[in-house]
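**Student:** Each protein sequence line maps, in turn, to chains A and B.
The opening position of the first sequence corresponds to residue 61 in this note's numbering, with each subsequent residue numbered one higher.
The opening position of the second sequence corresponds to residue 61 in this note's numbering, with each subsequent residue numbered one higher.
The hints are simulated quantities; they were obtained by calculation from the structure and are not laboratory data.
Be careful, since some hints might not be right.
Since the list gives no way to pick one copy over another, a pair counts as held whenever it fits inside one copy or between any two copies.
DSS-like cross-link-like pairs, simulated, lysine-lysine; straight-line CA separation at most 30 Å [unchecked claim]: (1) Lys94 x Lys360; (2) Lys416 x Lys299; (3) Lys460 x Lys489; (4) Lys360 x Lys415; (5) Lys415 x Lys94; (6) Lys299 x Lys489; (7) Lys237 x Lys360; (8) Lys360 x Lys230; (9) Lys415 x Lys460; (10) Lys360 x Lys84.
Computed from a predicted model, the values in this text were never measured in an experiment.
2 protein chains.
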Amino acid sequence: MNKRIGIGLLGLGTVGSGVVNILKSAEGRNPLVKQLDLVRVAVRDIERSRQVHIPSSLLTTNPQEVVDDPRVQIVVEVMGGIEPARKLILSSIASGKSVVTANKSVIARYGEEIASAASKAGVYVLIEAAVGGGIPIIEPLKQSLGANRIERVSGIINGTTNYILSRMAKEGVPFLKVLKEAQQLGFAEADPASDIEGIDAADKIAILSGLAFGGSVDREAIPTRGISDLNALDIDYAKQLGFCVKLLAVCECIDPGTTEEESLPLGIRVQPTLIPFDHPLAGVNGVNNAILVEGEPVGKVMFYGPGAGSGPTASAVVADILNIAGINQIGEGKGFTDPLLSASSWRLCHIADPKKVVQRNYVRLSADDTPGVIGSIGTCFGNQGVSIQSIVQFDACSEKAEIVVITHEVSYGQMHKALIAIDSLSEVKGVSAHFACL
Amino acid sequence: MNKRIGIGLLGLGTVGSGVVNILKSAEGRNPLVKQLDLVRVAVRDIERSRQVHIPSSLLTTNPQEVVDDPRVQIVVEVMGGIEPARKLILSSIASGKSVVTANKSVIARYGEEIASAASKAGVYVLIEAAVGGGIPIIEPLKQSLGANRIERVSGIINGTTNYILSRMAKEGVPFLKVLKEAQQLGFAEADPASDIEGIDAADKIAILSGLAFGGSVDREAIPTRGISDLNALDIDYAKQLGFCVKLLAVCECIDPGTTEEESLPLGIRVQPTLIPFDHPLAGVNGVNNAILVEGEPVGKVMFYGPGAGSGPTASAVVADILNIAGINQIGEGKGFTDPLLSASSWRLCHIADPKKVVQRNYVRLSADDTPGVIGSIGTCFGNQGVSIQSIVQFDACSEKAEIVVITHEVSYGQMHKALIAIDSLSEVKGVSAHFACL
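Looking at chain A on its own, in the form it has when it is part of the complex:
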């Protein structure tokens, strides 16, 4: 077959322009790209000058017109934000049109509603560009790892914070200085909160979790901590102990014995995390992203690449368009969709009580430099059953000591109790930093 496919574009910003660039230069790409016709484009301002040339007859300021255009078979939503994006996606589905979207905020919050509508309508909603920019991760999770029982997905999935942390580590400069320069260079937004507070990463791990474990979780309940209170001192101490510090998003099954009939408890969180130098995620620097998937029987596989940017994200958007276009060539599906590509939920999942989630910890304590202090701290950890891997004293100045403790795996509950006891020791001035550690 050789069917032509009409594409309607909602949004012509960074990602939308990247998509147009690919569609306008089909030579040398997969031959299916030549079968795609860009027929309608919704923009905010028709008169504005752009990097890409679009005939003005294709432009409209009314996105609903794109959805309703009978020539449009696939709606590509790259406008961002929750509304009207969500309504336009649902309206496209109701019109029997498949959707490709890069919108992590909408999918992380309304993914279930959208997937259910798409399933009923027999259309696809594909979201490769929502996580990891140009890195193929959504489709591989759906189409290449389905044989596995997934145990854990962990990733560096926010380019802005990874850029900042990489520069802090390399140059030893404080957070606010690097943030300011990142904003000047275009690697951080004018309002950086969504990135540096971990909100963007939490959206993305919610999406990955749903695909990896087969059921969605409450996005707003994901424990999330960003990097804005990260001290350059901790990056330095971590380095001396053989670790780098990354903003890591994790989702993991905390009870592999759960049957499919029970709700699967997942440990999900976003937090600054020490990563040993010889770990595959440790070498991921700058705006790059990487996602490590662990499953039975595959073991550990990692996906690495540019986590953002016009070209990489457009590569992911057009990949999704090609997947729908490819399946379209088979003929009429009579309302049936490929379940592997649709990836509907198939089991219940929930976020486990954080107290039950175990992890290793990095703790920095300020204390008096007295002979017994390490013994007292060690006793407090021991009383709560917290096993210590290393305890090292870094001397900040003559009379005050900085004590860094790396624990073995313990529950958050045990750790919390030990830290309360330590904080009440007279020799200890306070817990100055507390992060996770791989």
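Could you slot chain B onto chain A? The hints should help.
**Tutor:** Just chain B now, kept in the frame of chain A:
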């Protein structure tokens, strides 16, 4: 829909047993796994005791019986070797059955013949397990990167040699000693030639090249060099200069101006290669594999994971089965296949004249330790237009010097002429080693 799919297995060795283990434990995996029925299995010896239990009624020593069984809809070929594997694959296709195979030797040599037969019959031949073990690389190349003009694919795609090189680098032990231990540990075959001479890697890069660039090349014409003559000394010198040494397989477009109507010239080769420590491929150690794909507009994306083993390879085989099963749920395709999944050739490609392929070089020369020798060597390179990045003298003993040169990118032709001139210098005893360098 909820169609059941009959699976016929050709071979019950390491990979076949891994596939059976997945099919027999569907709980917790993608729900489609439950729709797969293992209905017939061809083995060499029915009486042999095995790790996996299969009812004897399913077993046969005649593989053609599996292909001909009307209950078998997907034939899984994991027997290996060229024949009868090739004939059985073609026979399955002729019977209108899709095929999943892990057989890199057959696909690298007869991929074109097999793809053409599959296209005519309207069935799929999927090969995820043929390259990179459990790493999703074949499907992502086909289904997630089609929007790109691929520029280069380079990879560490042989686990045995990577295991040997990793240990040589870490422990400073000679090749033959590590090989012997690798054989004892099961990381190398009793007859290791296919791995250590680069034959296995050349098979795999031939397959990746066909998918990345859209056309096959003559497998037997791929310049291939293994690691059997690699001296531990060069690994040590490379390390001192900031590089590790890997067996790297590369395919790259050497003339991006080529139109789709012309045959695309590809630089393809397998050879020991110096990789800078900060390169994403440098951290790939042991039996792990990694493949770096560079394209426009995605940039660089990398896929990393276990390159071999029962579980990982079975994960890839079952992923392919699920892809076919998933598409099967849509309904009758009336002989049409999804062109993205079929991935037929769509342009002509050929292996470029190796003299025209440019790369950086590492050269080790044995020379007299005389004042003018570096000048003479530098002049010989300069006369051939070979630009040098660094030239370092390592003193092996009092009167003989070891001189290591790292060049900028030059053609093989220029390099060859320069080395002939250098070899004829009276102060130079000979070219002791010559590898590629990233």
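**Student:** Each of the hints needs a verdict: does it hold here or not?
**Tutor:** Now for the hints, and whether the structure bears them out:
1. Lys94 x Lys360: For Lys94 and Lys360, the Cα distance is within 30 Å only across copies (24 Å; inside one copy 37 Å).
2. Lys416 x Lys299: within (29 Å within a copy, 44 Å between copies)
3. Lys460 x Lys489: within (9 Å within a copy, 63 Å between copies)
4. Lys360 x Lys415: within (26 Å within a copy, 39 Å between copies)
5. Lys415 x Lys94: neither (53 Å within a copy, 35 Å between copies)
6. Lys299 x Lys489: Answer is within: at 24 Å inside a copy they meet the 30 Å cutoff, but 45 Å across does not.
7. Lys237 x Lys360: between (36 Å within a copy, 29 Å between copies)
8. Lys360 x Lys230: Classified as both: same-chain Cα gap 28 Å, cross-chain 22 Å, threshold 30 Å.
9. Lys415 x Lys460: neither (32 Å within a copy, 66 Å between copies)
10. Lys360 x Lys84: between (38 Å within a copy, 22 Å between copies)
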